[in-house]
Each structure stands twice: as C-alpha cells, then as structure tokens.
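A.B. asks: Which chain is which? The protein sequence lines are W and F, in order. Residue numbers for the first sequence follow the working numbering, beginning at 1 and rising by one. Residue numbers for the second sequence follow the working numbering, beginning at 1 and rising by one.
None of these hints come from the bench; they were simulated from the model. Hints may be right or wrong, so weigh each one.
You can't tell identical chains apart in this list, so a pair holds if it fits in one copy or across any two.
[Stated by the list, open to error] Here are the simulated DSSO-like cross-link-like pairs (lysine-lysine), alpha carbons at most 27 Å apart as the crow flies:
hint, residue 1, residue 2
1, 104, 64
2, 64, 15
3, 104, 16
4, 171, 68
5, 171, 140
6, 15, 171
7, 140, 15
8, 140, 104
9, 104, 15
10, 16, 140
2 protein chains.
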Amino acid sequence: MGEAERQAARAAKKKKGLVIVNTGNGKGKTTAALGILFRAWGRGMRVCMLQFLKHENASFGENKAARKLGIEIVPTGDGFTWTSRDMDETVARALHGWQLAQQKITSGEYDIVILDEFTYPLHYGWLDTQDVIAWLREHKPPMLHLVITGRYAPDALIEFADLVTEMRLVKHPFKEQQIRAQPGIEF
Amino acid sequence: MGEAERQAARAAKKKKGLVIVNTGNGKGKTTAALGILFRAWGRGMRVCMLQFLKHENASFGENKAARKLGIEIVPTGDGFTWTSRDMDETVARALHGWQLAQQKITSGEYDIVILDEFTYPLHYGWLDTQDVIAWLREHKPPMLHLVITGRYAPDALIEFADLVTEMRLVKHPFKEQQIRAQPGIEF
Chain W
1 MGEAERQAAR AAKKKKGLVI VNTGNGKGKT TAALGILFRA WGRGMRVCML
51 QFLKHENASF GENKAARKLG IEIVPTGDGF TWTSRDMDET VARALHGWQL
101 AQQKITSGEY DIVILDEFTY PLHYGWLDTQ DVIAWLREHK PPMLHLVITG
151 RYAPDALIEF ADLVTEMRLV KHPFKEQQIR AQPGIEF
Chain F
1 MGEAERQAAR AAKKKKGLVI VNTGNGKGKT TAALGILFRA WGRGMRVCML
51 QFLKHENASF GENKAARKLG IEIVPTGDGF TWTSRDMDET VARALHGWQL
101 AQQKITSGEY DIVILDEFTY PLHYGWLDTQ DVIAWLREHK PPMLHLVITG
151 RYAPDALIEF ADLVTEMRLV KHPFKEQQIR AQPGIEF
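With these hints in hand, go ahead and build the complete structure from the sequences.
C.D. replies: What follows is the structure, encoded as structure tokens:
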C-alpha cells in the first residue's frame, strides 16, 4: 500500500462515540472504566459515572479520588436489590437511575458517560433491554462514548455495543487463599 | 456459623500485598491498572507505574493525568522492540527496566507498583521468568501490591500470582467497523 492509499484508508475510518461493554465474571470491569475516566480526565474531557449498585463501603477509593478531582460519580439504585422483597421499589429505583442516565447522556455536558453495573437492571429485567437499546440508538449523541459495566451483559447489548471485553477470572486470592479484599485494590 | 465463628474466620484471613496479573488479548489490561492507580491515589496510597513498552503516542491520557496528580508513570524500555534488529540492545533495555522495577519495589516508597506490559520481556525471553519470580519471592515487601499487565503472561507467572484476570476480546470496533482508535478511550 502506497502513502496515498494509506492516507485514503485512514481518512475513510470513522471517528465516533463508542458503546463499550466490560462484562464477565472477573475483576477489572469497573476498574477499567475508572481507568478510562482517569485517562479522559487527563485529556481534559468531560466525564461522569453513574453507579447502579450501591455498595456496602461508603468511601470507595474511586469516590474519594473523584471528589478530589471534581469528577462526578453519582450513586443511583439501592444496591444488591435482587434480594429485595419489595420488587416494585427495586424496579422504581432502576427506572430512576436510568432516567438520570438519560439526562446525562443527552445533556451535552459530557464526552464520556459511564453506567457502572448497569447490566444488572437489564439482566434482572428491572429495565427492558430492548427499550434501553432503542432509546440509545435514537438519543445517544454520535460523539458521546458510553461505557457499561457488569456481569451478565445481555446478548442484545453485546450486539449493540462497539467494543466488548469479557473479564474472565483465572485466579482469585479471596476465594483460594482466604485473603481479605483490600482497600485501593478491590474498592 | 455463629458470630464468634464468623469473627474467627475473618481474623484468620490474611491481609497481604497481592501479585495481580491482567493478561489476555482484550482491552482493559493497562486501563484496569490505571483504575487501581486512580482508586489508590484516592485513598492516599503511594503508587507508581513503570511502562515497559514505549508507545508511539507521546502524550497518552494517563501520562497527562499522572503529571497533573503528581503520580509517577515512568517509561522504561524502547518499545515494540520485538522487531528490533539489535536484540542485544533490546535485552539490555529490558534488564535496565527490570533493575528500575527492583529499585521501586524494594524502596519502601510505594504501596502499589505497576509494571505495565511487563509480560512481554518475559514472554520474549529478554528476561528470565524464573529469575524474576525467584527475585520477587525473596525481595517483594509482603504488604506491597504488585500489578503486572500484558498479553502472553507466562504460566509460571500465573502460578506465582494471587489474582489473575484474562481480558478477552469479544468485539472490537477498530477491526470490524474501521473506526479509529480514539483519545481518552484507547490512549
């Protein structure tokens, strides 16, 4: 391929906002999303993360770091709600989180929006995956990058996404060696 | 299990510095390491990252972010050197990088040391994997977390590590859709 052909090939490549999914049973789904956030912040891009599961530990490293940097990390949902007895409330909270996400996505205020653990409301049917995808297809700004994390990403979401990575657990110390989850690494 | 038993079980769990490996052909290996760095920085932990491959783009988002935060990200090696004709120089540079890593690891100045793309010098035999592991076994401070990223993690390294995740490529836009690698996401 000559230089002119290379240039033409390069120009033909599209630049567009990606839909990125980090799924699988391994570590690093949320952590890699935080890495994107860190990188993008380094470039002066506008980022926010919505957390769809509320975790037990109220002062995660990422929340502390985000506060220091003025990055928005917003908890939605009521966390670990698949054990909740009040399913109506669970659904209502998932819907609330999704409405918040829709606002962020269409606000024009961000270059990257991260929906952390967003696969769970889809997987458990608190939100309709097809409706969510249809909405994204119509309303996601073309240049906005959208990052979705969590286990059990529905097939339709994987089909819709541009970039999908499965984080696969090969070896886990907390199960095998009885080692505690540790601050800065796990949360 | 009663409360006393639960407490005993919890106390029996070890707290120790982990050896973490992010490998596989997918995205997110380095990015998840950056997420750890971001989290740990949020907690006021002392972190540094040594980069064993020099990349083409001199102003990665992560380097910009690190500079802003005063986090050390140090390039070693001469990057993409498996195509180098001067293999002696390649080996010398890998060794130089490893010596730098040894200094950082034993310095007592860090809680977390990240060796980014460190699997390559091992995989290509520029460094001896068994020697590296033997050194780590003897010299890594017990509480120091060590994070190693890159494809082709040698079996012996996986065996030695506490936590191993394979980032598996499910879908990649830059191959399938002719979309460019994009700032803030890819680098």
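A.B. asks: Now, for every hint given, state plainly whether the structure supports it.
C.D. replies: Results for each hint:
no. : hint      : in the structure
1   : 104 / 64  : both (21 Å within a copy, 25 Å between copies)
2   : 64 / 15   : between (33 Å within a copy, 22 Å between copies)
3   : 104 / 16  : within (18 Å within a copy, 40 Å between copies)
4   : 171 / 68  : neither (33 Å within a copy, 34 Å between copies)
5   : 171 / 140 : between (37 Å within a copy, 20 Å between copies)
6   : 15 / 171  : between (37 Å within a copy, 17 Å between copies)
7   : 140 / 15  : within (15 Å within a copy, 44 Å between copies)
8   : 140 / 104 : within (10 Å within a copy, 44 Å between copies)
9   : 104 / 15  : within (21 Å within a copy, 39 Å between copies)
10  : 16 / 140  : within (11 Å within a copy, 44 Å between copies)
Consistency with the previously given hints fails for number 4 only.
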